[in-house]
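Chain A is already provided as a structure; the job is to place chain B on it using the hints.
One letter stands for each residue in the lines below.
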Amino acid sequence: MAIDPSHFHTLNVADTCAMWNVLSSKLLYQTACSAGCVFSCTAFVAYECLLKPRKEMSSEDEELQTRLRREQENGRFQRYHLDIDDLLEVEILEKRKNLGKGELSSIAFAKRTQQAFHTDDTSARKLASQVIGERHVQTTPHLFGWLYFRQLLGDSDKETIIDEHTSLKRPLRPYFEEMYCRALHYRLMANSGAYRVIET
Amino acid sequence: MALDLQLFGDKLKRYREQLQLSLGEVSQATGIGEAALAAFENGAGSPTGDDVLILADFYKCDYKFFLSNERWTAFEQTDTLFRRFGDEVSRQDRWAVLEVLFLADVEFYLQSTLGKAPPRSFTFQKIGGYFKAHGEQAAAALRTYLGYADHQVPLNIYQDFRALGMHVFRRRLDNSNISGVYVRHPVAGPCILVNYSEDVYRQRFTAAHEAAHAILDQDEDVIVSFTRANTDLREVRANTFASHYLMPPAFLQRIPDPGQWDSAKAMHWANALKVSTEALSIALSQAGLIDHETEQVIRTVRVPREAKEDPELPETLSPRARARKEELLKRGLSDYYVSLCFEAYRERLVSAARLAEMLLVDGDTELRELAELYGEVLQYGD
Numbered sequence: 001m002a003i004d005p006s007h008f009h010t011l012n013v014a015d016t017c018a019m020w021n022v023l024s025s026k027l028l029y030q031t032a033c034s035a036g037c038v039f040s041c042t043a044f045v046a047y048e049c050l051l052k053p054r055k056e057m058s059s060e061d062e063e064l065q066t067r068l069r070r071e072q073e074n075g076r077f078q079r080y081h082l083d084i085d086d087l088l089e090v091e092i093l094e095k096r097k098n099l100g101k102g103e104l105s106s107i108a109f110a111k112r113t114q115q116a117f118h119t120d121d122t123s124a125r126k127l128a129s130q131v132i133g134e135r136h137v138q139t140t141p142h143l144f145g146w147l148y149f150r151q152l153l154g155d156s157d158k159e160t161i162i163d164e165h166t167s168l169k170r171p172l173r174p175y176f177e178e179m180y181c182r183a184l185h186y187r188l189m190a191n192s193g194a195y196r197v198i199e200t
Numbered sequence: 201m202a203l204d205l206q207l208f209g210d211k212l213k214r215y216r217e218q219l220q221l222s223l224g225e226v227s228q229a230t231g232i233g234e235a236a237l238a239a240f241e242n243g244a245g246s247p248t249g250d251d252v253l254i255l256a257d258f259y260k261c262d263y264k265f266f267l268s269n270e271r272w273t274a275f276e277q278t279d280t281l282f283r284r285f286g287d288e289v290s291r292q293d294r295w296a297v298l299e300v301l302f303l304a305d306v307e308f309y310l311q312s313t314l315g316k317a318p319p320r321s322f323t324f325q326k327i328g329g330y331f332k333a334h335g336e337q338a339a340a341a342l343r344t345y346l347g348y349a350d351h352q353v354p355l356n357i358y359q360d361f362r363a364l365g366m367h368v369f370r371r372r373l374d375n376s377n378i379s380g381v382y383v384r385h386p387v388a389g390p391c392i393l394v395n396y397s398e399d400v401y402r403q404r405f406t407a408a409h410e411a412a413h414a415i416l417d418q419d420e421d422v423i424v425s426f427t428r429a430n431t432d433l434r435e436v437r438a439n440t441f442a443s444h445y446l447m448p449p450a451f452l453q454r455i456p457d458p459g460q461w462d463s464a465k466a467m468h469w470a471n472a473l474k475v476s477t478e479a480l481s482i483a484l485s486q487a488g489l490i491d492h493e494t495e496q497v498i499r500t501v502r503v504p505r506e507a508k509e510d511p512e513l514p515e516t517l518s519p520r521a522r523a524r525k526e527e528l529l530k531r532g533l534s535d536y537y538v539s540l541c542f543e544a545y546r547e548r549l550v551s552a553a554r555l556a557e558m559l560l561v562d563g564d565t566e567l568r569e570l571a572e573l574y575g576e577v578l579q580y581g582d
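Residue numbers (the working numbering), protein chains in the order written: chain A, 1 to 200; chain B, 201 to 582.
Derived from the structure by calculation, the hints contain no laboratory data.
Just so you know, these numbers come straight off a predicted model, no measurement behind them.
Ideal Cβ positions, reconstructed from N, Cα and C, are used throughout, including at glycine.
Mixed in with the good hints there might be a few duds.
[Stated by the list, open to error] In silico DSS-like pairs for lysine-lysine, Cα to Cα no more than 30 Å straight-line:
| id | chain 1 | residue 1 | chain 2 | residue 2 |
| --- | --- | --- | --- | --- |
| 1 | B | K264 | A | K55 |
| 2 | B | K316 | B | K332 |
| 3 | B | K530 | A | K52 |
| 4 | B | K213 | B | K264 |
| 5 | B | K211 | A | K97 |
| 6 | B | K316 | A | K97 |
| 7 | A | K26 | A | K52 |
| 8 | A | K52 | B | K260 |
| 9 | B | K260 | A | K126 |
| 10 | A | K55 | A | K169 |
| 11 | A | K126 | A | K97 |
| 12 | B | K316 | A | K126 |
| 13 | B | K264 | A | K126 |
[Stated by the list, open to error] For the chain A half of the interface with chain B, some residues (derived, Cβ under 7 Å), not all of them:
| id | residue |
| --- | --- |
| 14 | C33 |
| 15 | R54 |
| 16 | L82 |
| 17 | D83 |
| 18 | D86 |
| 19 | E94 |
| 20 | N98 |
| 21 | L99 |
| 22 | G100 |
| 23 | K101 |
| 24 | D120 |
| 25 | K126 |
| 26 | C181 |
If we strip away everything but chain A, and leave its shape as in the complex, we get (with noise of 0.2 Å):
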């Protein structure tokens, strides 16, 4: 299902490479605040973004890695355990092979917590739909579509977001475009009257 951006659960559970999209832009990121939006992580998903030894580091990497570290200390994307119960949920064993161990964390807690589980993966999120839902899996492009069709975000936001978000090699730069459309005609819509947005 084509993904809607008049809803947007404002609760996120992120995973590793949705964190770092979501820090990629800084007018982003702060936007996605100021309209109320929480993301958080789990234990593990903060290890491989911040601890797991990695054979090359790159100029981009590290400036990911301090802005996290920055808003971690600022309260933001804390970091949450899991239970070993959250683990031995029939769900998560059976996709344990399919998904990344960032992934299932995220999604166990996001399922345990009622929260929404943010990746940017298009296989992560059919196999996290068949776990919590389809409404309970969100994106980066979502949350920049939402913020437009909330009116956060104004036009001339949308290069600057892309600029930063691919000034530092993130991949998003066609969705962002395309989610920017759809935000705009959902929002021509909405103000038509077509459909009405219930608040989520």
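Then chain B, alone, in the frame of chain A:
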């Protein structure tokens, strides 16, 4: 289900000891404090779900292994291997074995999920107690099974053995005295590790040697093969199998003037059979075609490195792609394995993050480079 803390702690401690790591080293790599790790190992601390995932990620094992009593990993096999060959398997090589077994587990899962699991229909019944005859007969039976005529040389033996359900990985090992390792994985089945540090033709022989263990030593869980001469009957049998599989006597007997050899002829036939001159000289001698003096002449000849073709690094690749794929091979990532991983990703059976785990990649950038090398695109859209 309550976690058996003592059992969990025991597994953790044995893993750490297998890999010859200190608590401090594990703590530094995982971010879990030394005191907490020590408590886990003593059965005195309760891990969170994240701790279990982090430790499973670090030790490259299925997290379910830590939470159950079932044999989900090759843990017992590596335990046996490292205890039996302790001093000869360095710390780096222990990691290499662990990673290869992880790759084998993934390969088996992907083959099964994608409907590509080989039938494992080739079996060989040993008759009598003459080990060398077992090797000769099994090689002949396998050549017949795979449809090789006497004059045909198996070009891609890695493909041959994968078609039999074996998991074949070439990987660079630290100890040049180890030519190969055979492990029977409780889930994935027979796994073969070939030391990539060896010469291309020696690797072929090693792969065939380890395949012999998979076919003929089914009661063994682990076998390490060394480059040094070995009088162990199982090793003699495996060498006989490899020799007869790669150089069947019927082929050798057709070589013109079998008693007359010079350097050019030795180089030509070693290259035609894709074996080392040493292996060729032994095979000719054992077939009764040359005398001891000629054997010595043949084995001193060297086939130039550039004349040897590696079926897993074909000449058709661009120099850049070849260099990149060689780096992957050294880490155990065969073209077959990587292609299988990307196929599962294309079919949306696995996510990009799982793909990165399966390919031993630790960041988006490296994963994107690898995808580009294989002409794949990472998917982020609807």
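Going through the hints against the structure:
Proximity of B:K264 to A:K55 is assessed by CA-CA distance (about 27 Å); at most 30 Å being required, the pair is judged to hold. The hinted pair formed by B:K316 and B:K332 fails the criterion: a straight-line CA distance of about 34 Å is larger than 30 Å. Note on B:K530 and A:K52: the hinted pairing holds, with a Cα-Cα distance of about 22 Å set against a maximum of 30 Å. Distance restraint check for B:K213 and B:K264: the Cα-Cα separation of roughly 17 Å lies within the 30 Å cut-off, and the hinted pair is therefore satisfied.
Restraint check: the Cα-Cα separation between B:K211 and A:K97 comes to about 21 Å, which is no more than 30 Å; the hinted pair holds. For the given pair, B:K316 sits about 17 Å from A:K97 by alpha-carbon distance, which is consistent with the 30 Å threshold. Note on A:K26 and A:K52: the hinted pairing holds, with a Cα-Cα distance of about 25 Å set against a maximum of 30 Å. For the hint pairing A:K52 with B:K260, the CA-to-CA distance comes to about 13 Å; that is within 30 Å, so the pair holds.
For the given pair, B:K260 sits about 25 Å from A:K126 by alpha-carbon distance, which is consistent with the 30 Å threshold. For the hint linking A:K55 to A:K169, the alpha-carbon distance of about 18 Å falls within 30 Å, and the restraint holds. Under the criterion of a C-alpha separation no larger than 30 Å, the hint pairing A:K126 with A:K97 is consistent with the structure, at around 15 Å. For the given pair, B:K316 sits about 23 Å from A:K126 by alpha-carbon distance, which is consistent with the 30 Å threshold.
As the CA atoms of B:K264 and A:K126 are separated by approximately 23 Å, the hinted pair is consistent with the 30 Å bound. Interface hint at A:C33: violated, since its Cβ lies 23 Å from the closest Cβ of chain B, which is beyond the 7 Å cut-off. Interface restraint check for A:R54: the shortest CB-CB distance to chain B comes to about 5 Å, inside 7 Å, so the restraint holds. A least Cβ separation of about 3 Å between A:L82 and chain B falls short of the 7 Å threshold, and the interface hint therefore holds.
A distance limit of 7 Å between C-beta atoms decides the matter here; for A:D83 the minimum to chain B is near 5 Å, and the interface restraint holds. For A:D86, the shortest C-beta to C-beta distance to chain B is roughly 5 Å, which falls under 7 Å, so the interface hint holds. Interface restraint check: A:E94 against chain B, minimum CB-CB distance 11 Å, threshold 7 Å, status violated. Given the 7 Å rule on beta carbons, the hint for A:N98 holds: about 5 Å separates it from the nearest Cβ of chain B.
A cut of 7 Å between beta carbons decides the hint on A:L99: the least distance to chain B is about 5 Å, and the hint holds. The interface hint given for A:G100 holds, since its Cβ lies 3 Å from the closest Cβ of chain B, which is under the 7 Å cut-off. Restraint check, A:K101 versus chain B: the minimum CB separation of about 5 Å is within 7 Å; hint holds. With a cut of 7 Å, the hint placing A:D120 at the interface with chain B holds, because the nearest CB-to-CB distance is about 5 Å.
With a cut of 7 Å, the hint placing A:K126 at the interface with chain B holds, because the nearest CB-to-CB distance is about 6 Å. With a cut of 7 Å, the hint placing A:C181 at the interface with chain B is violated, because the nearest CB-to-CB distance is about 13 Å.
Violated hints for the displayed structure, listed by number in ascending order: 2, 14, 19 and 26.
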